[in-house]
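Turn these sequences into a full structure, and let the hints guide you.
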Amino acid sequence: MLTRQGICMAAVSLSVSTVKPLGDRVFVKVSASEEKTAGGLYLPDTAKEKPQVGEIVAIGPGKRNDDGSRQELEVKVGDKVLYSKYAGTDVKLGTDEYVLLSEKDILAVVS
Numbered sequence: 005m006l007t008r009q010g011i012c013m014a015a016v017s018l019s020v021s022t023v024k025p026l027g028d029r030v031f032v033k034v035s036a037s038e039e040k041t042a043g044g045l046y047l048p049d050t051a052k053e054k055p056q057v058g059e060i061v062a063i064g065p066g067k068r069n070d071d072g073s074r075q076e077l078e079v080k081v082g083d084k085v086l087y088s089k090y091a092g093t094d095v096k097l098g099t100d101e102y103v104l105l106s107e108k109d110i111l112a113v114v115s
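Taking the working numbering, I'd label the letters of the sequence shown as residues 5 to 115.
Some hints here could point you the wrong way.
The following label-pair restraints were derived from C-beta to C-beta distances [claimed, not checked]: (1) G44 to D100: 25 to 31 Å; (2) G44 to T22: 39 to 45 Å; (3) L26 to K96: 17 to 23 Å; (4) S73 to A36: 36 to 42 Å.
If you're looking for bench data, these hints aren't it; they were derived computationally from the structure.
We put the beta carbon where it would ideally sit given N, CA and C, even for glycine.
Quick look at the structure:
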């Protein structure tokens, strides 16, 4: 269990080849965190903050409306996004780290 500011968060480690998000969820590959500070000091793994930027690698079909139709997501595969710090479920596939988010947890598309 990972703990973020006193909140228990589960980290999932999977050995699958594909992940297909459901509904309005997106699967984001987490960008690597900074290795050193602006002053040139190298950070140990325990001092690094969890990155809040990543690239979308898969999206769900969209949220269902009351009439049964789907509402398209505003983001697409390949978008680089900024997401909430404590949002989503952390997923590890091999050596890569991902986060499974709801679209509402995405704050902005960045370039």
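Broken hints, by number:
none
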